[in-house]
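Take the two lone chains and join them into the complex the hints point to.
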Amino acid sequence: MNNRGQAMIESLLLGCVVIISLFFFLHLALRMQKNILLDELIEQTLICMAQKNPLCLESFRQQLITQKYQKISAAYNQFGNKWSLQLKAETAFNEIIEKESELEYDLAFFP
Amino acid sequence: MTSPSFHKKNGFTTITLLLFLPLAALLAFAFGFIGYIVQYKTKMRSTCLNESLKIEKNLIRSEENLFKLNTLARALRLQLKLAYVELAAALASENPVWVAEVQMKISQIKGQQKNLDWLQQNLIRMAKIQIQTETWLLQNKLSQIAKESNSIWSFYLSSFTKVHLTHASEMAVIRDSPEMGPVYELAQDYEARQRLAYQWHHLFQTKSESQTMLSTQKEFDMSCSVSAQKGKTQWTLSINVDKS
Numbered sequence: 001m002n003n004r005g006q007a008m009i010e011s012l013l014l015g016c017v018v019i020i021s022l023f024f025f026l027h028l029a030l031r032m033q034k035n036i037l038l039d040e041l042i043e044q045t046l047i048c049m050a051q052k053n054p055l056c057l058e059s060f061r062q063q064l065i066t067q068k069y070q071k072i073s074a075a076y077n078q079f080g081n082k083w084s085l086q087l088k089a090e091t092a093f094n095e096i097i098e099k100e101s102e103l104e105y106d107l108a109f110f111p
Numbered sequence: 112m113t114s115p116s117f118h119k120k121n122g123f124t125t126i127t128l129l130l131f132l133p134l135a136a137l138l139a140f141a142f143g144f145i146g147y148i149v150q151y152k153t154k155m156r157s158t159c160l161n162e163s164l165k166i167e168k169n170l171i172r173s174e175e176n177l178f179k180l181n182t183l184a185r186a187l188r189l190q191l192k193l194a195y196v197e198l199a200a201a202l203a204s205e206n207p208v209w210v211a212e213v214q215m216k217i218s219q220i221k222g223q224q225k226n227l228d229w230l231q232q233n234l235i236r237m238a239k240i241q242i243q244t245e246t247w248l249l250q251n252k253l254s255q256i257a258k259e260s261n262s263i264w265s266f267y268l269s270s271f272t273k274v275h276l277t278h279a280s281e282m283a284v285i286r287d288s289p290e291m292g293p294v295y296e297l298a299q300d301y302e303a304r305q306r307l308a309y310q311w312h313h314l315f316q317t318k319s320e321s322q323t324m325l326s327t328q329k330e331f332d333m334s335c336s337v338s339a340q341k342g343k344t345q346w347t348l349s350i351n352v353d354k355s
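In order, the protein sequences belong to chains W and F.
The numbering of the first sequence is my numbering, which starts it at 1 and goes up by one.
The numbering of the second sequence is my numbering, which starts it at 112 and goes up by one.
Hints are supplied without guarantee of correctness; some may be wrong.
As a list, the in silico DSSO-like pairs of lysine-lysine whose alpha-carbon atoms are at most 27 Å apart [as the list claims (entries may be wrong)]:
| id | chain 1 | residue 1 | chain 2 | residue 2 |
| --- | --- | --- | --- | --- |
| 1 | F | Lys165 | W | Lys34 |
| 2 | F | Lys168 | W | Lys82 |
| 3 | F | Lys165 | W | Lys82 |
| 4 | F | Lys329 | F | Lys165 |
| 5 | W | Lys52 | W | Lys82 |
| 6 | W | Lys34 | W | Lys82 |
| 7 | F | Lys354 | W | Lys52 |
| 8 | F | Lys152 | W | Lys88 |
| 9 | W | Lys82 | F | Lys329 |
Derived, one-sided and incomplete: chain W residues facing chain F with beta-carbon distance under 10 Å [said to hold, decoys possible]:
| id | residue |
| --- | --- |
| 10 | Ile72 |
| 11 | Ala74 |
| 12 | Tyr76 |
| 13 | Tyr105 |
| 14 | Asp106 |
Hints are computed from structural coordinates only; laboratory data are not their basis.
All values reported here derive from a predicted model rather than from experimental measurement.
Glycine residues also receive a C-beta, built at the ideal position from the N, C-alpha and C atoms.
Same shape as in the complex, but just chain F (with noise of 0.2 Å):
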């Protein structure tokens, strides 16, 4: 037999501990908030960072892979050279079969030209598709790695961030001549243009039917970007990450 007594006791009880549970859950749920804004924030800039840089030494590799070809440039170069003034000598000397030899070896010599232009074209145009393609993956690497950071707290949050790519980054390499098979090497202005950088946007506010009373809305520019700079013997890359 329970007496009336003890169901007051109960309820008194539970009453008590009732009153804590709000404090209890407020708390786990800041805990959970700031852990979740930490991660995202780590998560961006150590992906944006790692990948920027693994775009840039790319960059740089093709871009040494094209120099390497400049030997047989100046090489070829060098062969026409000789050969006009060994034109002049037989043109000179008024020999019709060493002429026509000659006329030959140049032919010959701007053949080779022509496959390495070619070649260089080719380099050239891989390593800019490279680039591309690379440049978008990380963009879009960074908008799914928020899409599924936002995506946890999206029962209480409507989140929103926006990758923007502020800064391509484009082989920056100039011909030293119009001739075909030029010679490559770094544009003034090389660091600008090989820059690569990106900037996100990420705004949450609480939604209005999960929260009325105390609605927050927040928002904050980060950016992450990658430079390099070249050594007499290495390349030197530059990182750079800022917050607003």
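Next comes chain W alone, as it looks inside the complex (with noise of 0.2 Å):
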């Protein structure tokens, strides 16, 4: 009987290690795939203002607050064939989340 208790209490210790193990995992997991989804969606943006579309930095904006960010701040600059992108942003979870990203494509061309 002492051992029956002792393997429950012992599979319940390990069973809390495991489900917080897993939370972290679970939450690792998803923070890697939004990275890699917010990064295409940047690339995807610096594309679109690459295609001189007024509109990108507004849609990007949109995308965003649909993803459930929040305290959105995205700035762009070009500087000749360079185009760069700057976001700040808070996540649901209240992660803050910066990044800076450059996309360069030599569109004049002197033969």
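Written out as structure tokens, the structure is:
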């Protein structure tokens, strides 16, 4: 009987450890997924800017809002053939994300 | 000596652990799959844009090389006009030596125009071959990238990618006269004719033997195109990426 009780306590403890690890793993995986998707969204926006579309930044903001980002601060710059985008936003878990990405296409051509 | 209750403990813990394993595996699987789709899209898009820009620039270079010969074409045309005026004068003066000299000069100029015409035709032909080869190589490269990406998930997914060349760029030049060694200029519709565009259709679905309960099928189209506009001193290239 004692052994059975001990096994139950041990497995409960182990269960807790497993559940915590699992939540940690889930959180990490979700964070990485969000990061990949955010990088893709930023690249899409930079390509959109290279296409001289004036609505890129607004569309970018809208997509971030759809993905539950808050306190979004996004700015872009263009220096010659380089387009850069700086982003600062807060996730639904109050994590602050800061990103800066750059894209370069040589679109002015002197033969 | 191990008691039977000790064995029971072990089994209980293992089963508890095993319960969470499928969930962890599912998470890893979902994470890997999103990574695959994003990587596939990014690689196809960046290759298409970068290589198309290179092809477009080579096409412009070929056109500009052809236009560089226009100075010579105009000079020869002027020389021929002057020679004909001189011939009229020689004929009016009834001087057979002068007439013969001028006729020789005219045939020399015409010979030079013929050479120039051969050079121009050759440049156009070479440029066409180069554009066709590069366009075909890029289509092949895109198909190869798709094939490599698809093979990573081949144990679980049946993937299919078809790359289409929706618009092939061509040399958009016109000659100003049907004569030998003409002056070449850009055609009115050069922007549309020089445009290079590709489209790829990607379809994937779960293999029936690996997935029977949650079968998935998804398809999407993506396209990339490059076009160019001539300015006063430079060319401006435009890129366009679309997905549906």
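Structure-based check of all given hints:
no.	hint	in the structure
1	F/Lys165 - W/Lys34	violated (33 Å)
2	F/Lys168 - W/Lys82	holds (18 Å)
3	F/Lys165 - W/Lys82	holds (17 Å)
4	F/Lys329 - F/Lys165	violated (32 Å)
5	W/Lys52 - W/Lys82	holds (13 Å)
6	W/Lys34 - W/Lys82	holds (25 Å)
7	F/Lys354 - W/Lys52	holds (17 Å)
8	F/Lys152 - W/Lys88	holds (25 Å)
9	W/Lys82 - F/Lys329	violated (35 Å)
10	Ile72	violated (21 Å)
11	Ala74	violated (20 Å)
12	Tyr76	violated (16 Å)
13	Tyr105	holds (6 Å)
14	Asp106	holds (7 Å)
Checked against the numbered hints above, the structure breaks hints 1, 4, 9, 10, 11 and 12 and satisfies the rest.
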